[in-house]
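Colleague: Residue numbers (the numbering used here), protein chains in the order written: chain A, 21 to 367; chain B, 21 to 367; chain C, 21 to 367; chain D, 21 to 367.
Any given hint could turn out to be false.
Just so you know, same-sequence chains aren't split out, so a pair can sit in one copy or run between any two.
To be verified - Here are the computed lysine to any residue pairs in the SDA-like style, where the Cα-Cα straight-line distance is at most 20 Å:
no., residue 1, residue 2
1, K108, D43
2, K134, P161
3, K112, I87
4, K108, C179
5, K134, S165
Read the hints as simulated data drawn from the structure, not as lab findings.
Number of protein chains: 4
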Amino acid sequence: MTSHVCLQGIFTPNLVPLDCRGDINEPELRRYIDWLIAKGVHGLYPNGSTGEFTRFTVEERRRIIEIVSDQTRGRVAILAGAAEANVKETIKACEYYHQLGRRAVAIVARLYYKLSPASVYAYFKEIGRNTPIDVTLYNIPMFASPIDVPTVRRLADECEKVVAIKDSSGDIVNMIRMIQAVRPHRPEFAFLTGWDAALMPMLLIGCDGGTNASSGVVPELTRLLYDLTVSGRLDEARQVQFDLVTLFDTMIYSAEFPNGFRAAVDLRGFNMGIGRQPQSDEQVTDLAALSRALQCLLSQHGFTDEPIGGCSTSSGKPDSVGGELQTQDVSAIVHTVVAELKRRGLV
Amino acid sequence: MTSHVCLQGIFTPNLVPLDCRGDINEPELRRYIDWLIAKGVHGLYPNGSTGEFTRFTVEERRRIIEIVSDQTRGRVAILAGAAEANVKETIKACEYYHQLGRRAVAIVARLYYKLSPASVYAYFKEIGRNTPIDVTLYNIPMFASPIDVPTVRRLADECEKVVAIKDSSGDIVNMIRMIQAVRPHRPEFAFLTGWDAALMPMLLIGCDGGTNASSGVVPELTRLLYDLTVSGRLDEARQVQFDLVTLFDTMIYSAEFPNGFRAAVDLRGFNMGIGRQPQSDEQVTDLAALSRALQCLLSQHGFTDEPIGGCSTSSGKPDSVGGELQTQDVSAIVHTVVAELKRRGLV
Amino acid sequence: MTSHVCLQGIFTPNLVPLDCRGDINEPELRRYIDWLIAKGVHGLYPNGSTGEFTRFTVEERRRIIEIVSDQTRGRVAILAGAAEANVKETIKACEYYHQLGRRAVAIVARLYYKLSPASVYAYFKEIGRNTPIDVTLYNIPMFASPIDVPTVRRLADECEKVVAIKDSSGDIVNMIRMIQAVRPHRPEFAFLTGWDAALMPMLLIGCDGGTNASSGVVPELTRLLYDLTVSGRLDEARQVQFDLVTLFDTMIYSAEFPNGFRAAVDLRGFNMGIGRQPQSDEQVTDLAALSRALQCLLSQHGFTDEPIGGCSTSSGKPDSVGGELQTQDVSAIVHTVVAELKRRGLV
Amino acid sequence: MTSHVCLQGIFTPNLVPLDCRGDINEPELRRYIDWLIAKGVHGLYPNGSTGEFTRFTVEERRRIIEIVSDQTRGRVAILAGAAEANVKETIKACEYYHQLGRRAVAIVARLYYKLSPASVYAYFKEIGRNTPIDVTLYNIPMFASPIDVPTVRRLADECEKVVAIKDSSGDIVNMIRMIQAVRPHRPEFAFLTGWDAALMPMLLIGCDGGTNASSGVVPELTRLLYDLTVSGRLDEARQVQFDLVTLFDTMIYSAEFPNGFRAAVDLRGFNMGIGRQPQSDEQVTDLAALSRALQCLLSQHGFTDEPIGGCSTSSGKPDSVGGELQTQDVSAIVHTVVAELKRRGLV
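Using the sequences and the accompanying hints, generate a full structural model.
Modeller: As structure tokens, this is what we get:
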């Protein structure tokens, strides 16, 4: 981790609370942003995949950035998701977010069609040539055309406005290859991982930070993992990373993405509302089990006084006797939940 | 092929011509639609994947449907692509297209996130419950969450407004499974294949028609293949199908989809303009070779007088001596083109 | 289907009965071969994937070919599976099978490592140069390195001993591409499909036959499907193909491959014994349901008097009132079985 | 890394030198083993995927274990690859390797068919019940049926003879899940990674060692990486890991696996002979470039006096001025090689 990179630390790809009519719940969004900043995240990343950017209209996406920018008031950096229907619309979004403030940084990805590396290059090159704001490449092969190593290198070499990559593949060797290809020529270029379950090893092989959905649920733990890892307290970091894998797996596999995360944020005391993707009757997230898993996890790492939505039927401390025991308990709970979800066909 | 299905024959997923500013070229689009209808296609399918619906804004997508509806004036059926950002916006589009005329039929697909079968069901169920217009399910696993057989069956059983499925997977056995699961209860439910390269066998195992991108380039050939197949002239049909595979492969693998199709329509005498996906300098489609392949193919099947964009440097007839010879020539040309494209890294 | 190809019709990739010690049950294998020939299959294909060639030792594989050759006595053609550990051992097998009789034809595939097209070519080229017996390429991408179209073409052009390809991918467009690439120069080269669920459309686009596991269970039906298709009785053929998809899906998805086929052959009156792949306690194939599905299917197509292992608790005729009804019954049974199997986690 | 696990450190999945007739070159194999042990590897792993076990006969596989056992004479531990055609044959191999000496440990994997988790469990359970020797599970999803986390846990819980897993997937999060699932109940159970490119982060999240093909080429570097990582010298370790990624990528992508490794061992002064998988004329590994990459890499880390096959046309030191410079040089060379290989269609 070099000290002069442009982006560093934990960025939260924040969810968007909705009201009973399904519209953006602005007061709750503002309250949620304040809470995330208070809990220690280094930045916010509105309109990412976790923030369901594709399920909002163009106007709503702009409104979300406006609210986040206004509420943040420069306290933390903002990476504004800026993927629109085509290059022209994306550049328009970049220009608008640029007006909103100097700290904002646009992230773009490409949707739907499977593009060849040559086309991925051409797409970002066109944006890189015309954007007034710094651009972070966004690689998420499970949802969009992958950005391969030679393309990252070429864009980094040719476009000074391209300043970082956010990679959600979880492929640690590919991350090494990208860092090898880019860092010698662009030492300030930043590498962020979007795969929470590998945050610690990603930081250890050279990443500068992460855009991690779990930081929207347990920002104190994600921040702790970052701090423990970069300060070399690896035994402690490993335990937090292992627990985060358990939590991440529960949230990501227990419901349609990102509904597990929406349910979990509810448990932290927010009202996320009903998501925009309709759910069939069978798809009800088991909040009780998720609640207990969250409670255990937080109490175990010393965040016991945190309310989790009033549903904490656990007495709070019985799991806290010994570290080993607790982890197994969490694990047992998680396995029970997952088994139950599988039984219902939700996984 | 039963006679009472709601949708039958060849529907063209039409491309959209753009002018020099990158905006919709309305006069050329109207001219193109007239030509397609004159060449015999049974219907039009604007705002499909071939029509690059994701690269247009909401307003542009509506304008495309308006132009197509107005120009068609009821001569052929229209399947209007209606996939929008979320269920609410999609239903709004359905309502608007419903107002444009009774014959219009909406097609919806779901983008970006990988959805479980339960969520795919919930999504279409919500639409099926609220749409004023008939809905065709659109299964295109290479770009969007697949719609599996039990989900198709369940939606067909529960939603009378769901009247057809358009499947672009090219998986013939899955098509058999879908027909087996749905036709006994919904004999009028239509099955359309979007995979041109398997049109003949798909019709032979029970499909009612196709939404085939090649019908936007060689509508006379796609229509001929349909007619030969449904009238049982299989030896002739097989030869046309084989040639269509060659042409389809050339267009789909010689350039980023759907640019090969855009270039080919140019060769038929239209001005498609530059597409919205930027191309790098290396990605120039070899129009000369594609032109020659098209010319050969058309002349071979008796459509020799057809101009192909003024660029026919071939004398038109040297390839026409014997059927066998021509096919091999076409094949040789195609292989040369593809080899060259591979050499340039375009494939 | 040209009349002068070297291989034509339905070849059964026969299973191998085992005795109570897990060794080859020779008398039962001989009885099974006689039955298959009597039921009308055009050839046998011992030591294929269905025949679990990888689970036998080198010596056992040779013994299987000896028994099949001896029992067949030239009544039908034999494709002898000849894949061994490396080129030298495979050529040795080819030589041995050549000695066993002129009609034998070797099939080779390559295991384990993912090979590039260049290596697949080099491997078959080396065999093609040294084999005394005709060779059928065996493409089964789900289990082994794929043989792509240019490689098939190159081997067909360069090796006269390579006389056919057996393709188990089920990809009908790829089959068209292979036929286009090879048939003009090698009109006698044979194309066989190993994907039973697409046998009819594969024959209609130009295949010469199939190596179909279902022909080891219901040889009369697979043969009937072949005969109806090549004689142009497409409506009848389609119905048989649809039923075969149902049966094929039941056998292939209801148990670990090829155990569903082993169980089904038991129901036809043979004693296949316990397979060599151990099964956990949960993995017991539901023979009662499979038995009923088989019984229905056979009776429906006029093969009612056929005993199916003495377990036919159905009275034989209640399902036979109307064709439509029967098919739905079969379908209902199949769905019940599959649902049950899914519940047990076997699928 | 706990101190009481049964297997720890770097195990070399050794290649097998062949003579001009293609048979095992015993003297060279013995010389190679001595060299590996002298260079510091903690163990040997004959008959792994790198050792091309599937390309040898049963008798040859036994002979390889005999030679390795005899030459090692207890100096380092041996994991003997023991995958045979079926359970019975595999258990026979286990019994034989058990007789050869107490330190030998069998590794088994399952080939060809895609098995369900239930069948993978049944297979290993049967072996675990009958083996006289400790068994290491071998998970290599790119070549064989994957062993999922619940199956590893179940086998670890039920079979005390199952003492370790070797995982070649490179999936670091899955490794975390396996360690979480097994270590609480079986603290001595060992986790080895077979993916060299992720060795450092795998050790940091809790692995006990690796079975790494690169340790057969640069055993001093792989050992150095292990030592630096476990002693917490992470900045140095990271640099070695990055270089190892470069070398690993060169060897694994520059030729058909494992031919890049065979060529590289030749460069270290051994005569590996021609491999058993035939190569087409185009597939000649560019030894000059590989040689230079190896030379640079070794000299850079202080192993400059090492002969690399007499082909070192580089003067040995020009790249050694500064660490940064060298890495870029290596990188440039590697990129040139890979580009050239791509041009030739070898990659």
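Colleague: Hint by hint, where does the structure go against what was stated? Just the numbers, ascending.
Modeller: As far as the earlier hints go, not one is violated by this structure.
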